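Novice: Sequence:
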Amino acid sequence: MKKTFRITAAEGLHARPATLLVSAVNQLDADVRLVHGNKPANLKSIMAVMAAGIPSGAEVTVTAEGADAAQAIDKVSEVFASQKLGEEC
Numbered sequence: 001m002k003k004t005f006r007i008t009a010a011e012g013l014h015a016r017p018a019t020l021l022v023s024a025v026n027q028l029d030a031d032v033r034l035v036h037g038n039k040p041a042n043l044k045s046i047m048a049v050m051a052a053g054i055p056s057g058a059e060v061t062v063t064a065e066g067a068d069a070a071q072a073i074d075k076v077s078e079v080f081a082s083q084k085l086g087e088e089c
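Okay, so the sequence shown: first residue is 1 according to UniProt numbering, each after it adds one.
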């Protein structure tokens with residue numbers, strides 16, 4: 001499963017929202033990745049998400065595979081909406 005978002009937060013995907021995203025999917029049985037450009041980052045690793053350096057205006061795709069893939073995509077969508085990080089493309 002996958003879903004694409006455009007980052008609308010002025011600061012981009014910085015530490016606080018990155019932590020919320022990681023926390024939302026960390027306990028799920030799914031391989032969840034955040035892809036910016038051609039570089040995937042493990043969405044269960046705060047260091048990987050921060051290292052991606054995703055700025056405002058960037059498009060990112062969240063992919064999930066595994067038993068909880070649909071739930072992972074839903075949780076990521078909830079965090080994007082509730083924290084006003086971005087919008088679905």
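Honestly, I wouldn't trust all of these hints.
Below 16 Å or equal to it, Euclidean Cα-Cα: the simulated EDC-like pairs (lysine to aspartate or glutamate) are [said to hold, decoys possible]:
1. K3 / E87
2. K84 / E65
3. K44 / E87
4. K84 / D31
5. K3 / E78
6. K44 / E88
7. K2 / E88
8. K44 / D68
9. K44 / E65
Bear in mind the hints are in silico, worked out from the structure with no lab data behind them. A quick note: this is a predicted structure, and the numbers were derived from the prediction, not measured.
Novice: Evaluate each hint against the coordinates.
Specialist: Now the hints, each set against the structure:
Straight-line distance between C-alpha atoms of K3 and E87 comes to about 11 Å, which keeps the hinted pair within the 16 Å bound. Restraint check for K84 and E65: the C-alpha separation of about 25 Å exceeds 16 Å, so the hint is violated. With a CA separation close to 21 Å, the supplied pair K44 and E87 exceeds the 16 Å bound. Pair hint K84 plus D31 does not hold up; C-alpha atoms about 24 Å apart against a cutoff of 16 Å.
Between K3 and E78 the alpha-carbon distance is near 12 Å, which keeps this suggested pair within the 16 Å criterion. Pair hint K44 plus E88 does not hold up; C-alpha atoms about 21 Å apart against a cutoff of 16 Å. Between K2 and E88 the alpha-carbon distance is near 11 Å, which keeps this suggested pair within the 16 Å criterion. The suggested pairing of K44 with D68 holds, with an alpha-carbon distance near 13 Å, which does not exceed 16 Å.
Annotation: proposed proximity of K44 to E65 holds, straight-line Cα distance about 13 Å (limit 16 Å).
Consistency note: the structure conflicts with the earlier hints numbered 2, 3, 4 and 6.
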